[in-house]
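J.: With the numbering used here, letter number 85 in the sequence shown gets 85, and the count goes up by one each step, no holes.
Accuracy of the hints is not assured; some may be wrong.
Said to hold, decoys possible - Listed next, the in silico SDA-like pairs over lysine to any residue satisfying Cα-Cα at most 25 Å (straight line):
hint	residue 1	residue 2
1	Lys146	Arg45
2	Lys68	Ala153
3	Lys33	Arg45
4	Lys117	Ala153
5	Lys99	Val167
6	Lys121	Thr141
7	Lys96	Arg45
Stated by the list, open to error - Per label pair, the in silico range of CB-to-CB distance:
hint	residue 1	residue 2	range
8	Lys96	Lys130	47 to 57 Å
9	Arg65	Glu125	35 to 45 Å
10	Lys96	Arg65	24 to 34 Å
Just so you know, these hints were derived from the structure itself, not from any lab.
Every value quoted in this text rests on a predicted model; they were computed, and no experiment measured them.
Even for Gly, the Cβ is constructed at its ideal location relative to N, Cα and C.
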Amino acid sequence: MSKADKTSKKEDQSKKQDQAKKQAQLAKKQAQKAKQRATQGKRIRKTRVHFQNRFHREKPLALERAPKFTRHTRQLKPLIKFDPHSIIKNPLLTEKDMKKMEDENTMVFIVDTRATKPQIKKAFEKLHEKSKVRSVNTLNTFNGVKKAYIRLAGDQDALALANAIGVL
Numbered sequence: 001m002s003k004a005d006k007t008s009k010k011e012d013q014s015k016k017q018d019q020a021k022k023q024a025q026l027a028k029k030q031a032q033k034a035k036q037r038a039t040q041g042k043r044i045r046k047t048r049v050h051f052q053n054r055f056h057r058e059k060p061l062a063l064e065r066a067p068k069f070t071r072h073t074r075q076l077k078p079l080i081k082f083d084p085h086s087i088i089k090n091p092l093l094t095e096k097d098m099k100k101m102e103d104e105n106t107m108v109f110i111v112d113t114r115a116t117k118p119q120i121k122k123a124f125e126k127l128h129e130k131s132k133v134r135s136v137n138t139l140n141t142f143n144g145v146k147k148a149y150i151r152l153a154g155d156q157d158a159l160a161l162a163n164a165i166g167v168l
């Protein structure tokens, strides 16, 4: 064996020893880290607490809704039976209504909330056969009542009809 062969063998052995030492050191470090994790647990970062003056007003109490009348026409149920007495309930006689009777030939009635203008017109003409209706205006009040302003044709008098009904 020559000298060169011996030196190369020694170098190979020393390289293998170095690699073995490095692997042993690496394994030792990994074992230490695993031990540290097992004993300490995970580190949790806490968020910073901000202490600032922010005064928030309490939200008001939201009660469940109880509507007096339906808001959408698709919720309305059609009147199943056409009865003039169920559509037109009673006449209204306030000072304002009396003035309307005298000046504009218009009578005011409380009607069913689900009744439409054509139904009101038809019911009024059926109840009072001699009278002819020119137009019908409706008004939904805030207390859930529907008013109908029924304007009579030009040749008929609202005051005379009111006397005939027995309102005046």
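J.: Any of the earlier hints contradicted here, and which numbers?
T.: 1, 2, 7, 8
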